[in-house]
Amino acid sequence: MLDKFTEVLRSRISRPLQYYEDICVRCGACIDACHFYAASGDPAHIPAHRMTLAKQVLQRRDSGDGMLLEWYRGIEGDGQRLTARLERAMWDCTGCRRCAVFCPFDLDTGLLVSAGRYSLLQEGIGPEMIGEIGDAEVSKGEIIEDIKEFYIEQMKELETRLQEETDIDIRVPMDKEGARVLYVPLVGEEAIVPAAKIFHAAGEDWTLSLLTATNHSYFTGDMEKAKKVARSVIEEAQRLGVEAIVYPECGHATRTLLYYFDAWFGDEIGGLTRTNIVKQVAGYLTEGRIQVKPGTFDTDLTYHDPCNLGRNGGMYEEPRRLIRSVATNLRELDPTRELNWCCGGGGGLIAATEDMDDVRMMGGRPKAEQIREAGVEWVVTACENCKTQLNDLNEHYALGVEIKGVVNLVADALVW
Amino acid sequence: MSVVAFIFYYITPYLAVLVFFGGIGYRLYRWSRKEPVGAHLSLFPRPEGRLARLADALVDTFTLRGLFKVNRLLWVGGFLMHLGLFFIFVGHIRAFTDFYFLWNLLGWGPEQQHTFSAVAGTIAGTLFTVPLFYLLARRWSGSMKWLSTPEDFLILYLLVGIGLTGFHMRLLRDVQVQELHRFFNGLATFNWQPAPVSTGSSFIYHFAFVQLLMIYFPFGKLTHTIGSVLSKMVVRS
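First to last, the sequence lines map onto chains A and B.
For the first sequence, the tail end lands on 416 under our numbering, and the numbers increase by one without skipping.
For the second sequence, the tail end lands on 653 under our numbering, and the numbers increase by one without skipping.
No lab work stands behind these hints: they were computed from the structure.
Think of the CB as a built atom: it goes at the ideal place given N, C-alpha and C, for glycine as much as any other residue.
Among these hints, one or two may not hold up.
Unchecked claim - Examples of chain A residues toward chain B, derived with CB under 8 Å:
(1) D22
(2) I23
(3) C24
(4) A29
(5) R239
(6) G266
(7) G313
(8) E317
Required output: the full structure, derived from the provided sequences and hints.
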């Protein structure tokens, strides 16, 4: 049983994961880190225990000789129960790596879960939806040249509407050769309109990508497909001859852009600057390319560090600087920055829809309690998955807050 | 001398040394054979540059500052135990040689050296052994019960055994350093000398436990000695 899983997982044990397998002392520092464990008390959710569960298959001996050694290592194995535990261990995770921050050795359970998910999927274990969306992203990237007219038409309509609403000659250029910046959005206007306003105010020579930045194969641990999707973006950037790629308010996409693209594409992308929209906008503000009205918002608000932008991305100051430039009452959550609680919605859990909704709401409980304790009216964040999750948590736990986006706040406070 | 005692005094020590160093070499080799992950793992705060990452990892190693921030109680137990361990390592130089430079500087004769060794050794042993009981006890309840494996308990028992036998030799007997020099240098030069007697009955257990520790070391979680720095350097890159 689980033979395919075992074989594939073994092949995915990279050097950092081998360290993890060998040196975890089960000190338990990670016990207090995981929002799933805090909410469920299920041992399969303890980060270090997820590795012990993986070891059940990685270190199992089939012969009786291994029994003493197995006992000593805590290898129990047991078909069905083990499979169920493995499923929870690998899928009930957002890859937030709060556990790695708590770990004295920085052992990366997020990396383990990526390998574990990919391996479980070889046995057909796990929510299929995430992979299906990932496959759709790969396909779109492959046929984009053939279907681009559809998107260009859509954006023309949006552009017209935007101009009518704002009474400003805002453009939403698409497929523009020779533009300086390629902005890759998410599905939905919210990721396009605020950015378009700010680019216009900054006088930026930009073009909207035909693609979207999301990369659901990253969530299923399918790094080959994730690379393919990323390659489509690079190909568009090269075709249009842009100098910079700007990614939207999206945690996992930004993480791949800044920290995976180098390994995937090396020198090929040497000439391209890669950054996140929040940093880009912060740059415009610092350089005086955009003006905002200070104190536009005086509500009590706080900033939620998305895990992939914060502890996994190192971007803490720019979103705060932007918020302070337009709002007066910014308060910090407790804990904050690299210790911030994960919203509980990352790792593809939102894409998994009904399969993971209950788990997602359960895992979000520490976050909900943290927000309630903060006593704010608005929670501002810079990741679309976080926004969706926080909105769901707001309803589920009756928090009585509103969820806002950083770029949106700045766009609403622009002085034209 | 019994056959068993003879084996543990004069034969297995060489085996232990071979397995210890050979095993570590093998472990490092195995690690080097694994593929690096194809991305920067980028856990923040992330020091810029390899040297900075190494320095940061070493500061963490010597202070456990990350643990201090997230689990104060565990930090106390872990830090004190490792601090005691460090002092014990330093002090055990006296099995082979001595701090002649220090003794000359302070003008201390054999009696003063002996007293200092007794006091310092007892402090070090206490710092090492007492927290072990805490580390053991916490594995008996709550979440730690789910997480802990038999290996975790066994190694703690072994370390407690080493600590307690050490105490026995120091506090209930009167270990004489010259006997240790003679015996251990004898082993090192293959010029075998009589085993120490001032140490009493605990010595063979202490020595045997330590050899067991050395043989176990390369194959278990104690390799975190080396692996922790390597892991931190790659995950914060």
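Structure-based check of each hint:
1. Residue-level restraint check for D22 (chain A) holds (minimum Cβ-Cβ distance to chain B is 6 Å; threshold 8 Å).
2. About 4 Å separates the beta-carbon of I23 (chain A) from the nearest beta-carbon of chain B, less than 8 Å, and the hint is met.
3. Using the Cβ-Cβ criterion of 8 Å, the hint placing C24 (chain A) at the interface with chain B is satisfied: the shortest such distance is roughly 7 Å.
4. Using the Cβ-Cβ criterion of 8 Å, the hint placing A29 (chain A) at the interface with chain B is satisfied: the shortest such distance is roughly 5 Å.
5. For R239 (chain A), the interface hint is violated, the least distance from its beta-carbon to any beta-carbon of chain B being 25 Å, above 8 Å.
6. The interface hint given for G266 (chain A) is broken, as the beta carbon of that residue sits about 11 Å from the closest beta carbon of chain B, more than 8 Å.
7. Taking 8 Å as the C-beta contact cut-off toward chain B, the hint placing G313 (chain A) at the interface holds, the least distance being around 7 Å.
8. Taken as an interface hint, E317 (chain A) does not check out: its beta carbon lies about 12 Å from the nearest beta carbon of chain B, beyond 8 Å.
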